[in-house]
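S.K.: What follows is the residue order along each chain.
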Amino acid sequence: MPEFENFNVKTTIDCKQGAVRAVRYNVDGTYCLSCGSDKKIKLWNPVSGLLLKTYGGHADEVTDAAGSCDSSYIVSASLDKSIIYWDVSTGAPVRRLRGHAGGVRCVCFNEDSSVAISGGRDNAVMCWDIRTRRLDPVQVMKEARDCITTVATNENRIYAASLDGCVRTYDIRVGELTCDKVGEPITYLAQTRDEQCLVAGCQDSVVRLLDCETGGLLSEYKGHRGDDYHIECGILANDAHIVTGSSNGDAFVYDLLETKVLQRICISDNGGVVHSLATHPKRQEMLFARRRDMYVFSTDLQIEEEQL
Amino acid sequence: MDEEEHLHRFGTPLPALEKDVVPAKKPVAIEDQIVKDENGKRRFHGAFTGGFSAGFWNTVGSLEGWTPQTFKSSRAEKATPRVQLKPEDFMDQEDLGEFGIAPQGIRTRDEFAKEDEQEQRSGQRRRKLMQPELGSGPIPGVPVLEKLLRPVRDKVAVRILKSMGWKPGQGVGPRQTRKEKRLATARNTREQYLLEHYGAEGLPPQAEPTEEDSNDEDDDDEDITFAPDDYEPIFFTPKENRFGMSYSGLSRDPILSKSSSSTAKPMEHINLFGQLEEQANKKQLSIRGQAFGVGAFEEEDDDIYARDDMTRYDFSLADKKPKQKKQQHVQQRHVIDGFSEDKSGAALQKPYAIDLPRDFQPRNWLQRKSRFAPMDKERAKKLETATEYKRSGLGRHDLNPDQRAKLLGEQKIEEKAQEEQPKRNPFKDRGQSLLERINARTAGFTKGGVITESGEEKQTELVKEVKESNAAILEKAALKTKDLAPATSSSGAFKPFLADEAKQLRYEKFVASKLTNDTEITELLATMQPVTLSLWDREMEKKEFIQAAKIYRPLDGLMNDRFISEGNVQEEKVKEQQKTPEERKIVMERTKTMWKPTSLLCKRYNIAEPFGGAMLEPEKELKTKPKISVFDYLETSVNTKANFQTPSIIPKHIEKPKEVKPPTPSPAPPPAVEEQDKPTTKEEPSKFTFVPKTPLEQAVDESRNKPISEKTDLFKSIFDDSDEEETVAEQPENPAQDKLAALQEALGLPSMSTKSAAAHNVLRNTSPPRGIFAALFKPKEVAASEEPAPPKFTPIEGNKLKISYKSREERLRNDKELAMAEVPPEDIYGPKLPGAVPQKPEAPEDHAEVNIDEKLQQLWQQHAPKKRKAEKWVEKKIISSSEDSDDSSSNDSSSSDSSDGKAKKSKLSKAKKSHKSSSSKKSKKSKLKSKKKSKKGEKSKHKTKKKKSKH
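If you read the protein sequences in the order shown, they are chains A and B. According to our numbering, the stretch in the first sequence is residues 1 to 308, in order. According to our numbering, the stretch in the second sequence is residues 1 to 951, in order.
These are calculated hints, taken from the structure and not from any lab test. Heads up, a few of these hints could be off.
No more than 30 Å apart at the CA atoms, straight line, and that leaves these computed lysine-lysine pairs for DSSO-like [as the list claims (entries may be wrong)]:
| no. | chain 1 | residue 1 | chain 2 | residue 2 |
| --- | --- | --- | --- | --- |
| 1 | A | Lys81 | A | Lys40 |
| 2 | B | Lys41 | B | Lys26 |
| 3 | A | Lys81 | B | Lys78 |
| 4 | B | Lys78 | A | Lys39 |
All values reported here derive from a predicted model rather than from experimental measurement.
Construct the complete structure from the given sequences, taking the supplied hints into account.
M.R.: Right, dumping it as structure tokens:
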């Protein structure tokens with residue numbers, strides 16, 4: 001069990017793109033993306049806070065973005081009902097995928113970034129073939145009864161969390177749809193690194209740990225405040241700590257096993273919802289989004305190690 | 001050299017002149033200049049940017065010169081919108097001035113402006129331009145006509161004054177007695193005199209003789225009052241310079257600027273004509289600053305001598321002529337006439353209390369001028385009462401905040417504060433002393449009452465009060481809403497069965513009972529319904545009632561199904577919130593369903609398709625899902641076919657399923673249709689409790705929602721006769737299906753969508769032998785004797801068939817063209833007809849079929865073992881070719897054994913003669929059908945047939 005060390009703020013970046021809707025790391029955590037309400041996506045170096053590129057082309061607020069496994073493409077979801085596939089280096093939109101009947105809430109790549117999966121307010125999960133120039137979705141899953149808040153995938157499954165309180169697991173290998181009903185609207189879903197469990201942030205200010213195999217509820221994490229916001233949650237790279245945002249300007253780090261609050265990260269004294277966050281894929285590092293700013297938090301020791 | 005050392009050099013020296021070159025005397029003209037770019041090429045700027053020469057000395061585009069702007073916009077860098085230039089940006093300062101083309105500044109409105117100012121603004125210029133100078137015409141002064149034609153309109157101030165009782169010619173102010181007036185007049189004259197002599201500079205004086213007191217009688221009658229005299233108020237210009245009194249020096253402003261002439265006359269930008277006017281009027285000129293002669297721009301150049309006339313100076317203090325002089329006031333920009341700009345900077349503003357008349361009501365009298373003129377009071381009152389309900393609404397707005405607070409059970413803030421205070425500090429805050437408080441408490445105690453703090457007492461009082469007022473308010477509200485809610489009470493308002501009074505009565509009772517249970521309803525209705533009603537009618541009535549109750553529910557009921565009120569939602573929310581999160585136990589539910597990932601998705605995920613891609617496609621369900629429409633909703637229970645179809649149509653005696661009585665030779669549905677229907681028909685009997693259906697009806701029902709293309713089977717089953725169906729339908733399923741089944745078997749997969757043919761046949765095989773089968777499975781003599789069933793359904797016997805076929809064969813020979821379309825005799829296959837050609841048991845490739853048929857036979861044996869002896873089967877191609885039944889081989893062999901075939905044909909044709917004669921029409925149909933079903937193989941056979949016929 002790794003020892004827990006407190007997180008400290010490392011960088012604060014004013015994104016200057018209106019409200020930051022989502023922050024995401026790229027595949028290895030060297031860069032990060034921020035999605036703004038000004039319809040733009042910005043690529044940053046989280047360590048130095050350097051703005052690397054701005055991607056503009058969406059017609060409405062950008063809600064989510066994901067980087068491809070080789071970090072050469074970005075896929076982004078927007079409330080303009082479209083998904084855009086960007087070339088990272090040129091900043092040009094390679095493809096624009098329209099198919100959702102409502103705003104798109106979330107998007108992700110599969111492992112080899114050949115398929116983009118998106119979920120939207122039209123209750124549909126859509127799989128898009130990125131390799132070919134096909135403009136219609138490869139598959140549409142419309143089982144959800146409410147807005148899809150998160151899609152996630154691993155090598156053979158697609159997870160979709162919805163506000164109807166269900167986590168739907170589409171097992172491609174078995175050809176089976178497993179619907180785990182939690183009963184509370186799920187605002188965010190994260191996979192543990194070992195892919196055994198799911199971390200589901202629920203609307204009732206509880207983060208729940210679900211077992212993928214049995215569909216059982218393993219534990220609940222309480223302490224933060226969700227209110228009516230789409231608060232995101234995450235699990236740190238060591239699979240031992242769960243982190244979640246809060247509506248009163250804080251973020252909470254929980255111990256996965258003991259379900260107790262390890263640290264209450266006070267991001268801001270004057271309120272503001274910490275709604276989006278991203279955990280570094282390897283290090284003990286996190287990104288938070290609050291209002292117009294992006295915060296990089298990290299344990300000090302790690303940075304020193306990096307520097308050495 | 002020495003000198004050069006001492007020199008300093010600035011700049012770069014010119015290149016030394018070459019000896020041979022004579023310097024050009026003329027500089028190169030601009031048009032001759034050539035601009036070159038860095039490559040030495042001639043630069044061209046384009047026609048609209050200057051051509052070959054652009055800008056000052058062709059500097060445009062050069063390093064030092066001006067760079068023309070190019071419009072550039074890209075996705076990455078959007079072009080910034082250019083600054084919007086207004087016309088004002090290109091104007092001079094004067095244009096923006098008061099007399100420019102775009103004047104800016106604050107101005108009084110025409111209505112309030114002085115008349116001469118108006119003139120200036122509107123007409124002066126024009127007038128001056130169009131008319132000759134004033135006084136230069138034959139008639140001196142302002143043209144009379146113009147004065148006459150001036151619109152009569154008083155200024156606002158005048159109108160106000162008039163409304164206050166002022167008359168033109170009078171002065172303004174409180175009325176005076178004679179004595180007071182006299183004094184005032186004296187004072188005025190004195191002031192004016194002083195002003196004239198020492199005050200301001202001269203003006204073109206307005207001939208306004210001061211009023212002389214007509215009578216100087218000393219009537220000290222206090223009662224008689226007079227209006228005060230009218231006199232010009234004196235304006236004092238602030239002295240800003242150190243010159244002598246009423247001396248103004250030469251203006252430092254340029255002559256054309258406004259302020260230079262502003263001293264002479266206000267509101268005039270260039271006083272070019274002022275002098276002329278003065279001359280024309282021959283009035284005395286004031287002393288003007290000409291101390292240092294006349295400037296070059298000065299217009300009064302020629303007057304230089306005439307001006308300083310000694311006659312202009314006063315040599316005595318005598319009162320020459322009572323004159324009124326208008327004080328000039330400096331008109332500056334942005335300053336209204338009569339005001340001067342505050343130079344001090346510090347704003348001293350002292351608010352003065354205005355003594356308003358007691359019943360003064362501020363009102364804009366201009367508001368109601370025409371049709372909005374003030375209404376008479378009665379009408380206004382009437383209107384008010386008429387529209388009162390609009391304003392008051394349901395009495396909600398009658399409440400003030402306090403009442404509302406009471407209604408909501410809130411406490412007033414002060415009360416709250418009061419309430420809380422004593423609790424915090426019960427002794428100190430009141431004026432009462434500690435002792436008094438204690439006394440009071442003890443008194444209460446001794447009285448036997450409960451010691452209550454003052455706050456609590458109040459609260460109880462408050463509660464009572466609140467209750468009372470609540471009741472009152474609610475009563476009021478109810479009174480107001482009383483007539484708003486009629487006819488919402490019951491569904492009884494609508495009478496769906498008005499035609500039948502008794503029925504309506506029953507219906508009303510039924511509605512009142514509000515029963516939901518089906519059996520309860522039947523019981524209830526049974527008590528009410530008359531005995532004469534049949535069971536079926538009762539059933540119908542019950543159905544009708546239920547539907548009517550559903551449909552003719554009051555609207556709110558109908559809508560309640562679909563909407564919930566916000567109040568309910570909130571209530572639920574509150575309830576939910578009241579439950580602590582611990583109470584809400586999360587119960588995880590897991591449901592698993594089949595889901596088929598598309599093959600491409602699997603490919604991209606690098607995963608093999610589940611079940612090798614053989615999963616059932618769930619898309620079909622989506623397609624059959626009906627569209628949702630309002631009409632569907634309304635019709636759901638009433639008009640669905642399932643509810644109302646059959647009861648009236650089907651007589652009871654055929655309600656039993658036909659299978660129970662095997663011997664009845666009722667028309668059987670075609671096997672193809674039955675196959676399809678099997679899974680669905682199993683469910684249906686449970687749904688429709690009181691009306692079982694015949695298979696045909698079921699087929700009809702099912703096909704109702706199908707597109708027409710799918711209904712062909714049904715139509716066939718209706719319009720075709722069953723016996724022919726038999727002959728054709730005995731042909732096994734198309735080879736493709738067979739192959740699929742075989743493939744599935746080979747793969748070891750459970751066949752999902754298509755059951756094996758054998759399974760179908762087992763399912764199908766429930767009816768007794770009919771048609772050919774009947775003839776086949778019965779002993780020969782029985783078949784030959786007769787059938788007891790009605791002739792319509794009699795199966796056609798083998799010998800009849802023979803006859804009919806023969807007749808047709810004859811006809812075919814006559815008409816060859818028709819023969820092409822007809823079915824060849826090789827087409828006859830199936831069970832071997834008694835007494836026909838010796839059969840061949842089976843063909844190798846139709847192995848599966850034979851298996852099925854064997855099963856069939858076994859079943860027959862079980863059901864009717866006595867009726868038949870043994871069965872012999874004729875396979876499809878046996879007749880034409882005895883050696884091989886393969887299509888291709890038969891084709892090849894047809895020529896070789898044509899004679900053999902012919903012989904067989906003739907035999908067959910004999911057998912079918914009778915059939916043809918009896919029902920030629922039917923046979924045609926069946927042939928058409930058979931043609932359709934057997935496609936390629938048939939064609940080849942046709943060919944062979946043709947050949948034969950030629951032979």
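S.K.: So, for every hint listed, does it hold in this structure?
M.R.: Going through the hints against the structure:
1. A:Lys81 / A:Lys40: Holds - the C-alpha atoms of Lys40 (chain A) and Lys81 (chain A) are around 15 Å apart, at most 30 Å.
2. B:Lys41 / B:Lys26: Given that 30 Å is the threshold and the Cα spacing comes to 24 Å, the pair holds.
3. A:Lys81 / B:Lys78: Satisfied, since the Cα-Cα distance of roughly 24 Å is no more than 30 Å.
4. B:Lys78 / A:Lys39: Satisfied, since the Cα-Cα distance of roughly 15 Å is no more than 30 Å.
Against the hints set out earlier in the document, no violation occurs for any number.
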